[in-house]
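If you want the building blocks of each chain, they are given just below.
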Amino acid sequence: EVQLVESGGGLVQPGGSLRLSCAVSGFTFSSYSMNWVRQAPGKGLEWVSYISSSSSTTYYADSVKGRFTISRDNAKNSLYLQMNSLRAEDTAVYYCARDTAVVAVDYWGQGTLVTVSS
Amino acid sequence: DIQMTQSPSTLSASVGDRVTITCRASQSISSWLAWYQQKPGKAPKLLIHKASSLESGVPSRFSGSGSGTEFTLTITSLQPDDFATYYCQQYNSYSRTFGQGTKVEIK
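Going down the list, the sequences are from chains A and B. Here the numbering used here is used: the first residue of the first sequence is 1, the next is one more, and so on. Here the numbering used here is used: the first residue of the second sequence is 119, the next is one more, and so on.
The hints are simulated quantities; they were obtained by calculation from the structure and are not laboratory data. Nothing here was measured: the structure is a model prediction, and the numbers come from that model. Honestly, I wouldn't trust all of these hints.
Stated by the list, open to error - Listed next, the in silico DSS-like pairs over lysine-lysine satisfying Cα-Cα at most 30 Å (straight line):
1) B:221 <-> B:157
2) B:160 <-> A:65
3) B:160 <-> A:76
4) B:163 <-> A:76
5) A:65 <-> B:225
6) B:225 <-> A:43
7) B:163 <-> A:65
8) A:65 <-> B:168
Can you make the complete structure from the sequences, with help from the hints?
And the structure:
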């Protein structure tokens with residue numbers, strides 16, 4: 001069974017940093033690209049970042065470029081999102097999601113809530 | 119980046135109605151479009167990929183069509199379980215942008 005489990009969310013002050021993790025199981029992690037997608041309270045889905053299976057390619061939404069860094073450790077079956085210089089508008093549930101070139105984003109975690117507030 | 123525009127933002131319908139949601143891309147994305155259903159407090163669920171390919175286990179009342187820049191999601195005979203928010207997403211580029219969502223409400 002495919003499972004993606006996010007962790008690392010919480011309350012952080014504006015300007016602070018947080019590192020999200022996503023532990024995966026049930027599939028060959030090293031064969032798949034991955035994404036982070038977020039959803040602010042009461043708002044729609046916003047794609048945040050993409051990383052290829054080998055980490056050779058990464059992309060970011062303009063809203064987080066220069067502040068967030070996506071990475072992965074294929075030996076640990078884990079995906080990460082380092083978030084720096086956090087702003088109130090970064091408050092959201094953050095989902096990690098498996099990506100395929102043909103089928104799109106097919107599996108999602110349950111999400112972890114990040115709240116940026118003083 | 120490719121922009122995705124969904125319409126309508128909200129749709130009021132009754133059980134048994136036929137419902138159509140439109141998604142437009144700011145440039146051609148061929149057929150690289152997916153549709154998701156999301157219920158409150160839950161992660162999105164993939165319904166359709168490559169514009170018209172139904173995911174395994176998704177009821178056949180859901181269908182997708184389109185290519186290039188204009189796409190539709192159709193639900194024939196809306197069921198109580200279908201009241202939710204629907205999102206389109208392009209995956210023609212690595213920036214996997216979403217539409218803003220369409221909330222299907224009970225009339």
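The hints, checked one at a time:
{"no.": "1", "hint": "B:221 <-> B:157", "result": "10 Å, holds"}
{"no.": "2", "hint": "B:160 <-> A:65", "result": "27 Å, holds"}
{"no.": "3", "hint": "B:160 <-> A:76", "result": "26 Å, holds"}
{"no.": "4", "hint": "B:163 <-> A:76", "result": "26 Å, holds"}
{"no.": "5", "hint": "A:65 <-> B:225", "result": "41 Å, violated"}
{"no.": "6", "hint": "B:225 <-> A:43", "result": "22 Å, holds"}
{"no.": "7", "hint": "B:163 <-> A:65", "result": "27 Å, holds"}
{"no.": "8", "hint": "A:65 <-> B:168", "result": "28 Å, holds"}
Hint 5 alone, counting from the list given before, is not met by this structure.
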